[in-house]
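J.: Listed below, chain by chain, are the residues.
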Amino acid sequence: MSRTALTRIHHVGVVVRDLEQAYGFWRDVLGLPVHKVATVEDQGVRAALLTIGESEIELLEPLSPASGIGKFLAKRGEGLHHICYATEDVAGALDEARAKGVRLIDEKPRPGLAGTICFLHPASTHGVLVEYAQPFADEAHA
Amino acid sequence: MKTERIDHVTVVSPDAARAAATFSRLFGLASAAVSGSADATAGAAVAIGGARIEFRTPTESGPLADALKTGGEGMAALALEVADLDQAIQTLQHAGIRFDPQTVGGRRLLLIDPRAAHGVRLALMARR
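Just so you know, the protein sequences line up as chains A and B, in that order. Numbers in our numbering are just positions in the first sequence, counted from 1, shifted up by 5. Numbers in our numbering are just positions in the second sequence, counted from 1, shifted up by 79.
Careful: at least some of the hints might be erroneous.
[To be verified] Calculated pairs, DMTMM-like style, for lysine to aspartate or glutamate (alpha carbon to alpha carbon, straight line, at most 25 Å): (1) A:Lys-41 <-> B:Glu-83; (2) B:Lys-148 <-> B:Asp-179; (3) B:Lys-81 <-> A:Asp-23; (4) B:Lys-81 <-> A:Asp-33; (5) A:Lys-80 <-> B:Asp-145; (6) A:Lys-105 <-> B:Asp-192; (7) A:Lys-80 <-> B:Asp-192; (8) A:Lys-105 <-> B:Asp-94.
[Unchecked claim] Over the 12 Å line for every Cβ pair with chain A, so calculated as not near, a few chain B residues: (9) Lys-81; (10) Ser-110; (11) Val-113; (12) Ala-121; (13) Thr-138; (14) Glu-139; (15) Gly-141; (16) Asp-165; (17) Gln-181; (18) Arg-186; (19) Leu-190; (20) His-197.
[As the list claims (entries may be wrong)] Derived list of chain A stretches under chain B, where covered just means 3 residues or more per stretch with a C-beta under 8 Å from a C-beta of chain B: (21) 34-44; (22) 52-62; (23) 73-85; (24) 108-118; (25) 126-133.
Note that these hints are calculated values from the structure, not bench results. Backbone N, C-alpha and C define an ideal beta-carbon position, used for all residues, glycine too.
Using the sequences and the hints given, assemble the complete structure.
T.: Structure below.
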């Protein structure tokens, strides 16, 4: 299989008002273990990854109402936000998307919570915000 | 509760077949069978790893029709597979979470109150 192949759902992103409160359902009721928590200042978000099989659920809490996630929360409320595919070569996968005429949010990959990541524009993907992630080498999914 | 994997993500679209074809072409994903649906919907699906992305066009009123009307085309629901659906029912009841049990395409599932699931239209499905 090509290194740029999209092999699995890395995670599904869910916007929540408050991470601690969200754990009450996603961790405590559904039983999903919290794998990683981080604050990404430049994205204005505090995020947690909860493991589910070969994938994760990413809970996203805005750090401020002015952040992208804060605006999403104000406009649409809590709920599904994006889907992220795993790839072994995020730069190559992004080049392939560009070559197919997909409108991009990130012109080149950048570090994110899930690894080296990039976002595609939902205008090209039927309203679905799509992310690609190449997991960091020391965090490759089992 | 033991929640084991993502079964599928549902995308609501005015043209499910076209949306599925777009995802196949852009992301190199093979087409797959759609599960039965609690809503009467026309559908198509693609496979990715052990999960699927399902595309639905609502043909009558229901939660997915509401999602398309209020949120537009895009991600509308999430289905997770649990190890033991009866145990899931007990856990939900104990936590005071409302749910609607259904059998769709011969498979038991629970539609969770979206207010409990942080705005997500969430289904918990029994193993195949």
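J.: Hint by hint, say whether it matches the structure.
T.: Hint check:
Under the criterion of a C-alpha separation no larger than 25 Å, the hint pairing Lys-41 (chain A) with Glu-83 (chain B) is consistent with the structure, at around 18 Å. The hinted pair formed by Lys-148 (chain B) and Asp-179 (chain B) meets the criterion: a straight-line CA distance of about 22 Å does not exceed 25 Å. Proximity of Lys-81 (chain B) to Asp-23 (chain A) is assessed by CA-CA distance (about 23 Å); at most 25 Å being required, the pair is judged to hold. Restraint check: the Cα-Cα separation between Lys-81 (chain B) and Asp-33 (chain A) comes to about 11 Å, which is no more than 25 Å; the hinted pair holds.
About 17 Å separates the Cα atoms of Lys-80 (chain A) and Asp-145 (chain B), which keeps this hinted pair within 25 Å; it holds. Proposed proximity of Lys-105 (chain A) and Asp-192 (chain B) is contradicted: the alpha carbons are some 39 Å apart, above 25 Å. Distance restraint check for Lys-80 (chain A) and Asp-192 (chain B): the Cα-Cα separation of roughly 21 Å lies within the 25 Å cut-off, and the hinted pair is therefore satisfied. Between the alpha carbons of Lys-105 (chain A) and Asp-94 (chain B) the distance comes to roughly 21 Å, so the proposed pair stays at or under 25 Å and holds.
Remark: the non-interface label on Lys-81 (chain B) conflicts with the geometry, its nearest Cβ contact in chain A lying 6 Å away (cut-off 12 Å). Taking the minimum C-beta to C-beta distance to chain A, about 15 Å, the non-interface status of Ser-110 (chain B) holds against the 12 Å cut. Every beta carbon of chain A lies more than 12 Å from that of Val-113 (chain B), the smallest distance being close to 16 Å; the non-interface claim holds. The non-interface label for Ala-121 (chain B) is consistent with chain A: the shortest C-beta to C-beta separation is roughly 15 Å, beyond 12 Å.
Thr-138 (chain B), annotated as away from the interface, keeps every beta carbon of chain A farther than 12 Å; the closest lies near 18 Å. The Cβ of Glu-139 (chain B) lies farther than 12 Å from every Cβ of chain A, with a closest approach of about 21 Å, so its non-interface assignment holds. Separation of Gly-141 (chain B) from chain A is adequate, the least Cβ-Cβ distance of about 17 Å exceeding the 12 Å criterion. Every beta carbon of chain A lies more than 12 Å from that of Asp-165 (chain B), the smallest distance being close to 15 Å; the non-interface claim holds.
Taking the minimum C-beta to C-beta distance to chain A, about 19 Å, the non-interface status of Gln-181 (chain B) holds against the 12 Å cut. With a cut of 12 Å on Cβ distances, Arg-186 (chain B) stays outside the contact zone with chain A, its closest approach being about 17 Å. Here Leu-190 (chain B) stays apart from chain A, with its beta-carbon at least about 15 Å from theirs, past the 12 Å limit. A beta-carbon of chain A is positioned within 12 Å of the beta-carbon of His-197 (chain B); the least distance is around 4 Å.
As drawn, the stretch 34-44 of chain A meets chain B at 4 residues by the rule of a beta-carbon pair under 8 Å; at three or more, the given contact holds. Counting residues of the stretch 52-62 of chain A whose CB lies closer than 8 Å to any CB of chain B gives 4, which reaches the minimum of 3, so the coverage claim holds. Coverage of the stretch 73-85 of chain A by chain B holds. Counting CB-CB distances below 8 Å, 5 residues qualify, and the rule asks for three or more. Here's how the stretch 108-118 of chain A fares: 0 of its residues keep a CB closer than 8 Å to some CB of chain B, so the rule of at least three is not met and the hint is violated.
A count of 6 residues in the stretch 126-133 of chain A with a Cβ less than 8 Å from any Cβ of chain B is obtained; the coverage claim is therefore met, three being the minimum.
In this structure, the earlier hints numbered 6, 9, 20, 24 are contradicted, and the remaining ones agree with it.
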